[in-house]
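Asker: Chain by chain, the residues run as shown.
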Amino acid sequence: AQTVTQSQPEMSVQEAETVTLSCTYDTSESDYYLFWYKQPPSRQMILVIRQEAYKQQNATENRFSVNFQKAAKSFSLKISDSQLGDAAMYFCAYLPRYNTDKLIFGTGTRLQVFP
Amino acid sequence: NAGVTQTPKFRVLKTGQSMTLLCAQDMNHEYMYWYRQDPGMGLRLIHYSVGEGTTAKGEVPDGYNVSRLKKQNFLLGLESAAPSQTSVYFCASRPTGAINIQYFGAGTRLSVL
Chain A
917 AQTVTQSQPE MSVQEAETVT LSCTYDTSES DYYLFWYKQP PSRQMILVIR
967 QEAYKQQNAT ENRFSVNFQK AAKSFSLKIS DSQLGDAAMY FCAYLPRYNT
1017 DKLIFGTGTR LQVFP
Chain B
15 NAGVTQTPKF RVLKTGQSMT LLCAQDMNHE YMYWYRQDPG MGLRLIHYSV
65 GEGTTAKGEV PDGYNVSRLK KQNFLLGLES AAPSQTSVYF CASRPTGAIN
115 IQYFGAGTRL SVL
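Top to bottom, those sequences are chains A and B.
Just add 916 to wherever you are in the first sequence, counting from 1, and you've got the numbering used here.
Just add 14 to wherever you are in the second sequence, counting from 1, and you've got the numbering used here.
Hints are computed from structural coordinates only; laboratory data are not their basis.
Some clues are possibly wrong.
One-sided excerpt, in silico: chain A residues whose CB lies under 10 Å from chain B [as the list claims (entries may be wrong)]:
(1) K1018
(2) F1021
(3) F1030
For glycine and all other residues, C-beta sits at the position ideal for the given N, C-alpha and C.
Only chain A is shown next, with the shape it has when bound in the complex:
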């Protein structure tokens, strides 16, 4: 069975600094999607960034970028120039291409941003 592991329950960063959140996953599939979702105190789950496994190029969305290491099954999220509004729970998620209704989430990392 596929699993997603986020080994950092909590992280903190100073405003304007850079922070990296870790995610590893276990799968025997070669084709899949990976996601990072943000959940602020409002509870709304917001998609931050998405990566397709067949693409070697790391996805980037403004201040958010990923380091996708397929062989190592690692998918970390880097937040540059951190802002107070980045404070939230961040969830890593895996979706197999052969079964696109089974989105599997990690346990989340709570990010605190200090001024």
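Model the placement of chain B on the given structure of chain A, informed by the hints.
Answerer: Okay, now just chain B, sitting in the frame of chain A:
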């Protein structure tokens, strides 16, 4: 710009009571999902639907029923609530096609006493 709307936002039930959570989406999405979120755990899939009139079981379906009579609505029912069903419930939807991005509602916090 409603997206995915869940009602109610909060609810307290007594053990054995029944209730229905409503999820409505205005994006004409074919696929809809119900998840539960518990402390220290990621979201877990309860049931899902791949189109109007269809439903399927997810990872943790026991104690829940669902219906998708209209394309825009996906209902989650608890026939006899138990304290173990205290959780935050999320609905999501996604379009067909290769994008495979799910769009989430704001959640319903349910407490069963």
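Asker: Please go over all the hints and tell whether each is borne out by the structure.
Answerer: Okay, the hints, checked on the actual structure:
| no. | hint | in the structure |
| --- | --- | --- |
| 1 | K1018 | holds, 7 Å |
| 2 | F1021 | holds, 3 Å |
| 3 | F1030 | violated, 24 Å |
In the structure shown, a violation is registered for the earlier hint numbered 3 alone.
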